Amino acid sequence: MSNLLVRTIFSYLIIFVPPLILPWMFIKLVGLGGLRDLVTYEARDTPLHKLDPRLKVLYPIAMGILSIVLNWDFMLIVFGLSVIPWFWLKPSRAKVRVLMVMVIGPALTGFWSQGLYYLPPQPIHYIYQFPGTISWMGSPGITAYGMVFGLQQSARVLVTVSTSMLILVSTDVGDFTWAFERFRMPPQVGFALTAALRFLPDMISRTTLVLRAVELRGYDMSRPRWFQVRLWPDYVKRLSRCIVIITVPLLVGSLRGTTTMAMVADARGFGVNRRRGSLQEHPLTAYDIGGYVILVLLVGGAIVLNHFRIGARPY
Amino acid sequence: MRRRLAISSNSELVADDVSFAYVGATKAALRHIEFGVDPGEVVLITGVSGCGKSTLALALCGLIPCRIPGELRGQVMFRGKPLSGMKPHEASQLVGMVFQNPNLQLINQTVVSEVAFGPENLALPHDEIVRRVNWCLDVTGMEGMRKATTVTLSGGQKQRTAIAATLAMKPQILVLDEPLSDLDPVGAQEVLATLQRLARDEGTAVVIIEHRVDEVAPWADRVVLMDNGRVLLDQPPRQAWADAAPWARTGVGVPDVVQLAHALPDAFGGELPLSVGDAVGQLADTWVVPALAAAGEARALGAASGPRSPGGALAGNGRLPAGTAISLSGLPAGSRPPVLAWEGISVEFDGKRAINDVTLRVAEGESVAIIGANGSGKSTLVSLAVGMGTPCAGQVFFRGQPVQPGKVFEHSAQVALLLQAADEMLFEDSVIDELKFGTKFRALPPNPVLDVEGAIDFFGFRGLEEMSPWELSQGGRQRLALAALLVGAPGVLVLDEPTTGQDAEHMRSFLRLLAAVRKRTGLTVITVTHDIRGLASHAERIVLLGEGEVRLDGPTTQVLAQTEELKRWGVLSPPLPRLEADLLGHCDDVLLSVAGFVSAVNAYRGVPVDQGAPAERAGGV
Chain L
1 MSNLLVRTIF SYLIIFVPPL ILPWMFIKLV GLGGLRDLVT YEARDTPLHK
51 LDPRLKVLYP IAMGILSIVL NWDFMLIVFG LSVIPWFWLK PSRAKVRVLM
101 VMVIGPALTG FWSQGLYYLP PQPIHYIYQF PGTISWMGSP GITAYGMVFG
151 LQQSARVLVT VSTSMLILVS TDVGDFTWAF ERFRMPPQVG FALTAALRFL
201 PDMISRTTLV LRAVELRGYD MSRPRWFQVR LWPDYVKRLS RCIVIITVPL
251 LVGSLRGTTT MAMVADARGF GVNRRRGSLQ EHPLTAYDIG GYVILVLLVG
301 GAIVLNHFRI GARPY
Chain D
1 MRRRLAISSN SELVADDVSF AYVGATKAAL RHIEFGVDPG EVVLITGVSG
51 CGKSTLALAL CGLIPCRIPG ELRGQVMFRG KPLSGMKPHE ASQLVGMVFQ
101 NPNLQLINQT VVSEVAFGPE NLALPHDEIV RRVNWCLDVT GMEGMRKATT
151 VTLSGGQKQR TAIAATLAMK PQILVLDEPL SDLDPVGAQE VLATLQRLAR
201 DEGTAVVIIE HRVDEVAPWA DRVVLMDNGR VLLDQPPRQA WADAAPWART
251 GVGVPDVVQL AHALPDAFGG ELPLSVGDAV GQLADTWVVP ALAAAGEARA
301 LGAASGPRSP GGALAGNGRL PAGTAISLSG LPAGSRPPVL AWEGISVEFD
351 GKRAINDVTL RVAEGESVAI IGANGSGKST LVSLAVGMGT PCAGQVFFRG
401 QPVQPGKVFE HSAQVALLLQ AADEMLFEDS VIDELKFGTK FRALPPNPVL
451 DVEGAIDFFG FRGLEEMSPW ELSQGGRQRL ALAALLVGAP GVLVLDEPTT
501 GQDAEHMRSF LRLLAAVRKR TGLTVITVTH DIRGLASHAE RIVLLGEGEV
551 RLDGPTTQVL AQTEELKRWG VLSPPLPRLE ADLLGHCDDV LLSVAGFVSA
601 VNAYRGVPVD QGAPAERAGG V
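Protein chains in written order, with this note's numbering: chain L, 1 to 315; chain D, 1 to 621.
Mixed in with the good hints there might be a few duds.
Unchecked claim - Listed below are several chain L residues computed to face chain D (Cβ distance under 10 Å; list not exhaustive):
(1) R198
(2) L209
(3) L250
Simulated from the structure, these hints should not be mistaken for laboratory data. Treat the numbers as computed from the prediction; the structure is a model and nothing was measured. C-beta: ideal position from N, C-alpha, C; glycine also.
Same shape as in the complex, but just chain L (with noise of 0.2 Å):
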């Protein structure tokens, strides 16, 4: 009986405690200030920086063209792949802090829920079978083919975060800009991610000064102890209510300094001409021919893979 009530105990923990951890590791190692690091760039002088913005733009392409055409069974090594140049590029503390749980928040999910949920064909081998007592939920214990499955699927998420989050701290968006007119594309494009991303970080300072704010004149935003559990409804309405709150100070806010924005934009002449001029020039380099060679190859590659059924999806 004793035995039961451990085994149903560590199950629930099992089924219970990653969720837990994840809004936990968010607000302890991000928090919304933290978030301003995930778009932020970071002038640097390392080899990445100076690459064609051309090439920048088409990594996340490319390595999303390998993550969709090919197999589960690849999507670790494309994942591996994606990681490597972050060596090279040896971003911040903070910007690491946010990058890890951006990583390991997914990666956890994937693995712990298809370890749950995902049955593989009979006959099945747990790595721990849960008692009567919890599998009735509908999970009948973790399994390590759902857990290296869950995995797969957080890598080939994990690999679009990884490549565009790469090219976003490594690259001013005014190359982003220029990249884009070489792409025939028009310069508005490059205007909306600029004030996007010049703007973002700014939001979320504004939005953390006036959560900030809100409690300075009285609003309690204190969380509970997770042990608290009367507590936690009371919390999340009144987390709700201040959303309603915060509204009109961050709208006011937002639309005055877009009036001035845009003022600044027409008087600096945005979107007089089709084509920019460019302070910078991008002659290729042997790093951008390699670049443009690894990126031919990996995709080239894939497509050749497939051709010959390896490491093909089943369509």
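Fit chain D to the known structure of chain L by using the hints.
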């Protein structure tokens, strides 16, 4: 009948009988403006908030009427061509505009890409873009920061980047709307020096719209006073301030040294000084120096023989021992239990020390100003008092109880913090709801000094209870945020840069309000500011922060006498203390107001020159 002001035949930019009313406005923002700008001149436009200065700036650079809808009459012309018919990018190559808030006008992520943005949009050849960018960065002193990301820049650097980006459009005239409002005095001097260099070396005409006339006066060739949408006067500075009447009538600040010259005409020989340097030159060999020295000695003797207000003295090296504060009675505040105490506080951001081992105690009922250059850690330090931020070492105490980091809701009942952006603290649809906001979530103590009804009367909101806070003026919204905080009956009021961007009249009314609040509630007030002349000099005690450490801490009159030490940490003492210190070579404490200065020197007017002249004794001025 309107008065037509003289416009020079050299004027490149001319506003010819310009009137403008915003859409839906019942009153015109500009009325029959006659105004001209010559090449290479620096023009200061000033006036109370809402007098039409910013509207005039928008009209001068062609954004009215093409981007700001409304009814425009008359014309703004550049070399005879009307700007109103031009597109914004065409006008901006003739007249460039730098807006008040540099954060909102830096669109790109790095300094160099920001400066290149305009020329790139104009599709200029690569070599021309490079040439313009290099020139703009050089002339604004930003060359060394060309690769820096804009979010990492100080306020002064952001403003200079905005100026560089505007200059890259190669305008002949630069119009700046309150460029100094967010800058500390040293940052302001950097920007003004840049502008003067542009005018002198490049022949660019510069129009500065600013409340901080003390700082701009020495750099201006002309001063324009606006009131109620009109140009009241437009003259060279000395002529403009020769008659104090229009300035007094409009409530616009006049430089302290000008006021002093009006009060002591015989000492100044009838010529108005525009800067402390001018005033020192004019007063150095006059009866004012010995009189000032004698008055200083008398004050020192008075201090030695008994308590004075504010009392106490700085330690021999110009610094009080850490944590030693001065009370109104002249006793160190350490003898009374502090209401707020920062004990050995250190704060780090991304591994960098923002605050380093700061110990600071504030006694009940004290009025303390915390000053320092931008980024010196002032706001970080005070926000710890409400649980915002976490120190990596040390502890903050409120009435002996530790302040828990993160518990903002709990501590905001004890310490009210008015943020610089007071607008961000308003959440309700009406004034009355705003005042009741805090009471909905937290019970008030019995018999509060200021309840909701009391606050309505005290802060002048009777009859406006149902009005939306957004219909109030900027000063009104700030008053409302302050009132709403005080309804919660806090023990300490912390004000973070409360007068940024406000004109002299608003500043005076805010100081009056603050004095009335203190009188009624006996509140301890801590003010974070870089406005030393307007705000800090009204505090009893000043704490100077420099690079995250307390550098000076003592009575206001003594701290402001340490002009060199203040300058070392990026703070300029107000004009009168600087004048006194420069005239006397060295002084332990200084006079803060023009009235005080005048009465002090008049009281010792008979002192012979050879008995005084401490400036000479101290090695000359």
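Which earlier hints can't be squared with this structure? No numbers; nothing is violated.
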